[in-house]
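Undergrad: These protein sequence lines are chains W and D, in that order.
Note that full-length UniProt numbering has the first sequence beginning at 1, numbered continuously upward.
Note that full-length UniProt numbering has the second sequence beginning at 1, numbered continuously upward.
Everything labelled a hint here was simulated from the structure, so no lab data went into it.
Quick reminder that beta carbons are idealized off the backbone N, C-alpha and C, glycines included.
Hints should not be assumed to be uniformly reliable.
As the list claims (entries may be wrong) - Derived coverage of chain W by chain D (criterion: at least 3 residues anywhere in the stretch with Cβ under 8 Å from a Cβ of chain D; other residues may be distant): (1) 87 to 98; (2) 138 to 151; (3) 157 to 168; (4) 213 to 221.
What the hints assert, rightly or not - Below 30 Å or equal to it, Euclidean Cα-Cα: the simulated BS3-like pairs (lysine-lysine) are: (5) D/K194 / D/K36; (6) W/K3 / D/K194; (7) W/K36 / W/K3; (8) D/K304 / D/K280; (9) D/K3 / W/K55; (10) W/K279 / D/K295; (11) W/K3 / D/K204.
There are 2 protein chains.
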Amino acid sequence: MMKLPTAITLCEVGLRDGLQNEATILNTQSKITLTKEMIAAGLTVIELGSFMNPKAVPQMADTDALFFHFSEVKNVELRALVANKKGVERAVNCGCRKIKLNVSASLGHNLANINMTPEESIARFAESVELAEKSGIEVSGSISMPFGSPWEGSISLDAIQSIIDAYLKVGVREISLSDASGMAVPNQVYTMCKHLQERYSDVKWWLHFHNTRGMAMANILAGMQAGITHFDSSLGGLGGCPFVPGAAGNVASEDVIHMLDEMNISTGIDLVQIISSAKKLQDWVGHETDSYVLKAGRSKDLIK
Amino acid sequence: MMKLPTAITLCEVGLRDGLQNEATILNTQSKITLTKEMIAAGLTVIELGSFMNPKAVPQMADTDALFFHFSEVKNVELRALVANKKGVERAVNCGCRKIKLNVSASLGHNLANINMTPEESIARFAESVELAEKSGIEVSGSISMPFGSPWEGSISLDAIQSIIDAYLKVGVREISLSDASGMAVPNQVYTMCKHLQERYSDVKWWLHFHNTRGMAMANILAGMQAGITHFDSSLGGLGGCPFVPGAAGNVASEDVIHMLDEMNISTGIDLVQIISSAKKLQDWVGHETDSYVLKAGRSKDLIK
Chain W
1 MMKLPTAITL CEVGLRDGLQ NEATILNTQS KITLTKEMIA AGLTVIELGS FMNPKAVPQM
61 ADTDALFFHF SEVKNVELRA LVANKKGVER AVNCGCRKIK LNVSASLGHN LANINMTPEE
121 SIARFAESVE LAEKSGIEVS GSISMPFGSP WEGSISLDAI QSIIDAYLKV GVREISLSDA
181 SGMAVPNQVY TMCKHLQERY SDVKWWLHFH NTRGMAMANI LAGMQAGITH FDSSLGGLGG
241 CPFVPGAAGN VASEDVIHML DEMNISTGID LVQIISSAKK LQDWVGHETD SYVLKAGRSK
301 DLIK
Chain D
1 MMKLPTAITL CEVGLRDGLQ NEATILNTQS KITLTKEMIA AGLTVIELGS FMNPKAVPQM
61 ADTDALFFHF SEVKNVELRA LVANKKGVER AVNCGCRKIK LNVSASLGHN LANINMTPEE
121 SIARFAESVE LAEKSGIEVS GSISMPFGSP WEGSISLDAI QSIIDAYLKV GVREISLSDA
181 SGMAVPNQVY TMCKHLQERY SDVKWWLHFH NTRGMAMANI LAGMQAGITH FDSSLGGLGG
241 CPFVPGAAGN VASEDVIHML DEMNISTGID LVQIISSAKK LQDWVGHETD SYVLKAGRSK
301 DLIK
């Protein structure tokens, strides 16, 4: 028997990482509709948006409005991506109770983006974490490109660990490894996850895979075999690769849930409802997205 | 470390299972060009076509001509799918030296197709095997839908084993498990492959996955972890699902080779040449196919 967890928690990132890569700006009411549907379907972690400059990321301009709308929701973790203290102030103001910080494990990438080393970036996070904690907001962190970067190619374990250490130093103990460049491969995912879980036994790990080169599902399998139980996915496979125009996006939520259902690994999520929401989202963005189950249906549906 | 083989052999099925699902009939010269390129790229097993009734499968009408053309090729296994003795006679005549028989593990499927039980089908293979062996043609067999069928849903291990036993009885010791309905999931693939390899230690196993529900790469990973070292794949991801119009086809050769390259698992195949051939094939069939690496390029290509 393959050694696998019996239950997995998914975080839906379609409304953030997915829509951020779309030309279409979905209106707030549509986002509310999808979020309600996803909560009804059983999702317990949803990334609603980000508190960035609306001029830079217009797709996320209504993140505050979404958090205001859902401020009474219980038992569902609604989170937002935050870049700095100004973002935390917005989070405090609109009732967001969980934020995610981000830094790249790739020195070249982080320097190109904000002219800081990863450690300098995280040192700046201290004030964000402080304000968040004072305001009762939980903080998680993500690390981009631990599995490979367009700048350096492979990333050393030392570079990754120094970022994890920096996160721990500012009090962040929930960390996501994000393969936004789609360069991760299964044996690497397995080895790295095994190692990091042993070295940092009190960290809660998430994995975030893009299906850029078709390996996301295999990487999720490898992550589960290494004992990881928290994964990001995106409704309809919405998203893209910031470095490859036209490439596939995040792994599709319905594809992941379908595989887990068929493997008898529990997610607590109703796949039929998710497929219906994913179709709606695909209609709204106005083009086909990288989803298999939306095209082929569930294996179950095929049975006469 | 994840337990994995160090080397994998791929069989290219684009010219058969891929083209068979295409409206475009590729001309013989184009097939010859692609085959030459694939041999030059390092492929050592290629399914050139099938000896079926050309009226039923017009895309494969020139299979004899292809085998005539390549009759002098050494060190590359060129094989064809064969349905009956008539097909073997064609194989003998055109110099084909390796054939593959096929039967479904799904009783409903086999009855619907040819109104015979799987065991009755294989009993009929005896005359084909006899003629082939007398003519120095090697015979392999494939089993459709061992991982699930649109007719019965799950297929019992007993049903699969009775087919394997029937194959062994007529002297076929090389067997492919073919997930043409795209219903296989990784933990099932792992468990079944482990079991079958233990029970039938002298069988040479192949796995054939379609990416219908996005799980082909994860299934290949699971197969490798179970010790399987022979997999089918299709240039450009050409093909389809016979039961789901518009669904994704066979797993793309370039996606599989890319993943194996990046995992340091040897295939002996030059990925750059394969990408070039896959692009050519995509141009010739005139539409995008389900290939990731054709869209995104290799991970290596991304590195600045």
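Undergrad: Evaluate each hint against the coordinates.
TA: Consistency of the hints with the structure:
1. 87 to 98: violated (count 0)
2. 138 to 151: holds (count 4)
3. 157 to 168: That given contact is violated, which follows from only 0 residues of the stretch 157 to 168 of chain W lying within Cβ reach (below 8 Å) of chain D.
4. 213 to 221: The restraint on the stretch 213 to 221 of chain W holds, since 7 of its residues have a Cβ under 8 Å from chain D and three suffice.
5. D/K194 / D/K36: This hinted pair is violated, its Cα atoms lying about 36 Å apart.
6. W/K3 / D/K194: Roughly 14 Å separates the two Cα atoms, so the pair holds.
7. W/K36 / W/K3: 34 Å, violated
8. D/K304 / D/K280: 27 Å, holds
9. D/K3 / W/K55: It is violated: about 49 Å lies between the C-alpha atoms, which goes past 30 Å.
10. W/K279 / D/K295: With a Cα-Cα distance of about 23 Å, the restraint between W/K279 and D/K295 holds, given a limit of 30 Å.
11. W/K3 / D/K204: 26 Å, holds
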